[in-house]
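Undergrad: Each chain is listed here by its residues.
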Amino acid sequence: MSRRTFTRRRFIATTAAASAAAIGFPYIRTSHAAGSLSVGFWDHWVPGANDVLTKICQDWAKKEKVELKIDYITSQGNKIVLTATAEAQARAGHDFLTFQAWDPLDKQDLLEPMDDIVGHLTKVNGAMDPAAQYLTKGKGGHFVGVPAVTGTQVKPPCARLDLFKKVGVDILEMYPTLKAPTKASENWNWETLLSAAEKLQKEGHPVGLGLGQTTDSVDWVGSMFASFGAEMVNAKGDITIKHSDGVKQGLEYMQKLVKVMPRDVFAWDDASNNKYIISGQGSMIMNPPSAYAVAKRDNPKVAEHLYTFEMPKGPQGRFAPYLPFIWGVWKFSKNKSAAKSLLQTIWQKENVEKLVNGSIGYDIPSFASQRSFKVWEQVEPPKGAVFHYPPKGDQKIWMACSPAPVAIANQMYVQGFMTKLIAQCTQGGMSIAQAIDWGAKELEGYQRS
Amino acid sequence: MAAVLPRSRATAAARGGGLRRVMRRKSTLAFLMALPLIVLIGALVVYPALYSVHLATLNKSMERFVGFGNFTFLFKRDLFWMVVKQSVIFAVTAVVFKALIGFCVAHFVHNVPAKGQRKWRGMLLIPWVIPPAMSTLAWFWLFDPSYSAFNWLFAHVGLPSITWLGDPYWARFSVILVNVWYGAPFFLIMYLAALKSVPEQLYEAAAIDGANWWQKIWYVTLPMMRNIISITVLFSLIVTFANFDIVRILTSGGPIDQTHIFATWAFKLGIEGNDIPLGASVSLFMFPILAIAAIFILRDINRRGNEA
Amino acid sequence: MNPAEIQAAVLEAPSAGKAKTGSTRRDRKRALYWSYFFLVLFVVFFLTPPIYMMITSLKSSAEIGAITNPWWVYAPTLENYWALLGSEQYLTFFKNSAIVSVVVVIITMLISIPAAFALARMKFWGSAALGMGVFLTYLIPETLLFIPLFKIFAWVQETLGIEVMNHYWVLMVIYPTLTVPFCTWIMIGYFASIPKELDEAALIDGASYLQILTKIFIPVALPGIIAATIFAFTVSWADFLYPMAFTTSADQLVLPAGIVTILIRGDVYAWGQIMAGCLLGALPPLLIYAFLMDYYIAGLTAGATKG
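Chains as they are written, first to last, in the numbering used here: chain A, 1 to 449; chain B, 1 to 308; chain C, 1 to 307.
Hints listed in this document are in silico derivations from the structure and should not be mistaken for laboratory results.
Check the hints yourself; a few may be wrong.
Computed list of lysine-lysine pairs in PhoX-like fashion (alpha-carbon distance at most 20 Å, straight line) [said to hold, decoys possible]:
| # | chain 1 | residue 1 | chain 2 | residue 2 |
| --- | --- | --- | --- | --- |
| 1 | B | Lys-216 | C | Lys-29 |
| 2 | B | Lys-60 | A | Lys-441 |
| 3 | B | Lys-115 | C | Lys-29 |
| 4 | A | Lys-166 | A | Lys-139 |
| 5 | A | Lys-248 | A | Lys-441 |
| 6 | B | Lys-196 | B | Lys-119 |
| 7 | A | Lys-374 | A | Lys-392 |
| 8 | A | Lys-179 | A | Lys-340 |
| 9 | A | Lys-63 | A | Lys-340 |
| 10 | A | Lys-256 | A | Lys-199 |
| 11 | A | Lys-441 | B | Lys-76 |
| 12 | A | Lys-236 | A | Lys-139 |
The whole structure should be built from the sequences, with the hints applied where relevant.
TA: Dropping the structure here:
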């Protein structure tokens, strides 16, 4: 009798196990994954932009008879970085993934060389932006990724024309509609920004520049420091923060600017500045046109005054905060040829144009020859809203945390080092010298290997 | 009973070797029944914990053995000590308030006539039933810099708005507040059950002797509930100390890392920062503190077991 | 005055209860009013977030953006709910959560009940140590284990080829570590309180241990089993850290991780939808709680009072 009950119990247990297995049986990877491809793209902030990319990919998949699986991964909560890290650790995941900023070079040992694609693209389109080359060329001169069409962006000021006019700054005079910047734009520097910000705060519409730890905050701060000539870690990897005058000047400036900005900018994530300007409260943020796109949909009264133009000029020049997304193929991918074929298809000129149009000009192609699409003239209201968005003229594209070596730069970038540095001598109550000392110690920590 | 005994002894004697077989079968059977538990805990708790110790001795790229190198590295970092301090403050403050609120509200519910107690209990336990990730999102929206419903109320009565998540001190307050909100109902329920088991006559006797409500609590309630209080407090200290959800969703470590606790910092370093050994080292630091708490709980349980 | 002395005093004064009824009744009434007052305050505190969630979820994006009174809905709409219920992504989260939770509950019960029975009733070599060990593992939090588990799963995937990373079925393997210790502890408490005479009588009648378990213990301890089931379900439904660490693709996420990582985007006005998503996501535990509240509470407090 006992033996019967024992086996009955066993039966129940095994049935349960079997049903559990049936629901989610572990998928054992086989070798014939050719003909199927799994890709991870960046989830676009501009509503509807993803659909353009999906269609291009699906058309390609139908033509090549590949079974395609697309994932759109958000950068909110650092998801894109997390996914890349998890897949690097597990040596498994998508075939073709989107990486951000310094990440691809940090993981270059696991990425498939892309010299063939880059070579082809350079032949067709001319030279790639130096900044993009800097971030995709790994050890030994091999390209480990291709700049992504979708998502690669700069973060210049996006401001309310009406509010700035009220405090005496005529943006249209400096950056006229659909025309090149005038001589007046020479006066658009950090000092004029500061005085305008002071007046705007009194008007109840402060300038809102994020000082949190996400890319929206880190990118513009990187450019700000670069325009003062600050160098925190040099190309060799030495910590030079203590000897750099530019750092001191940048911090002095920020101490003044923080006083006239909302107090919670230190907690802002990538969505906060969008929310700030769309609500009508903010007078300026530094962002690509995603905020403008959402405002067009949900708060047109605000959107019709939003104008994107160039960064303020610093002593060392004008630097545009650059955030590239980079498409890379893992070395462990089972279908590299399909991945590369898809990449090349997306980079065809007519597809690039479709994507840029779909993002209302948000995406900045990494080839200068592709920056004259009509879309940047056509987006409105207001007329010429994003005409001055793609970097031209005296604006240099700058990747935050340059020229530090990749491992350190990636840490500085992901941990939000520069914004924390600013926070220490403003909200944190330290003096500039103390903050720099703190910074030096932090940087030593990033040298860990 | 006397009639039964000889019979059982007789059958036992008759079974003789069979009885020994039963005994052996019983213990193997018991072992088999406990085996899945042993395997589960061994493979998914003990082994990873030990592996974590091993990981903590490797360098960042996990190729070299560095012994205590990670720990000495952490000890030199100000941020590490700040995280230790923040974790301790967070855990202790939150648990103290949870226990206090639970204790007081348990009394209030206890005072209500028995029939009505059920609906009060029902309403008050809701925070604990909602998954913390989702309720924390509600709090996040309540604290939002531009859209905070609280600030809207404040503006209406003329109070200045608070940067709930942007100011380091307010951020810490907010994180503790949400944790207290989430955990107090648990204390409430435990203390309410314990309150019910305190005999009514003790209170009446104390009343006769002229005790006021405060003395009743001090001399009757607290001693009777001493064990349940210490157990819940210690359990909650451990769980709160290891908390992840609330800080991660509200502040992700907060302005200038001022709300980072062990779990969130380990996540940031280990998974986001791609430095697994360092993340493992940070997590391991929780262990000495948890071990001390475990010793206290064990002593308490043993004491309770001996008393019972 | 310690409890013993008080007890002695009670026994010596049998007529104690009759004294001073008038003022004690007034005292009790005052205590009652104060109690109600504070209870209302605390209920407001505890219920504000869920109510706010509900209010926000009924608002359209336009209404949220207009920054009207956040505590009142002027133009209630169910569009957020319809959008979610029609969203394949959200329904996938729900489905994943449901599958994972149900399976984990089954696994937990299959492990806990026999183990609790063995620990409560049968002595075998190491049973005391195991009992203590079960208890202690409750003190090794998931925040300590998720990093080594991350590496272990990565290794399993790399060397054995079993797709472990970024698949929700891995949660079914890990969640029992969260639920089994506490459920076993609850069950041991319930089983230990069953009088030994019952099993002795059954043994004499020739029953095997397994029959004792299934025919006597489980029926008698059913409230405890229900309580443990509810606990296991709620914990599996709500866990956040493990899914965040181990699953990244949208189709593999469970509700808590899914809502937090996918539903929150740059769009300001999606908050109505996010709150609706949170409420819908909190619905299963809330419903179970509403119908089985007494079992829930009994299970929680069982450990405390039965020990």
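Undergrad: The structure should be examined with respect to each hint, and the outcome stated for every one.
TA: Hints versus structure:
For the hint linking Lys-216/B to Lys-29/C, the alpha-carbon distance of about 17 Å falls within 20 Å, and the restraint holds. For the proposed pair Lys-60/B and Lys-441/A, the alpha carbon gap of about 18 Å is at most 20 Å, so the pair holds. In summary, the hint linking Lys-115/B to Lys-29/C is supported, as the alpha carbons are separated by about 16 Å, within the 20 Å threshold. Proximity of Lys-166/A to Lys-139/A is assessed by CA-CA distance (about 52 Å); at most 20 Å being required, the pair is judged violated.
Distance check on the hinted pair: Lys-248/A and Lys-441/A sit about 16 Å apart at the alpha-carbon level, within 20 Å; holds. Pair hint Lys-196/B plus Lys-119/B holds up; C-alpha atoms about 17 Å apart against a cutoff of 20 Å. Restraint check for Lys-374/A and Lys-392/A: the C-alpha separation of about 15 Å stays at or below 20 Å, so the hint holds. A hinted pair counts as satisfied when its Cα atoms are at most 20 Å apart, and Lys-179/A with Lys-340/A does not qualify at roughly 39 Å.
Simply put, Lys-63/A and Lys-340/A have alpha-carbon atoms about 15 Å apart, close enough for the 20 Å limit, and the pair holds. As the CA atoms of Lys-256/A and Lys-199/A are separated by approximately 13 Å, the hinted pair is consistent with the 20 Å bound. For the proposed pair Lys-441/A and Lys-76/B, the alpha carbon gap of about 9 Å is at most 20 Å, so the pair holds. Annotation: proposed proximity of Lys-236/A to Lys-139/A holds, straight-line Cα distance about 15 Å (limit 20 Å).
Hints 4, 8 from the list above are not met by this structure, while the remaining hints are.
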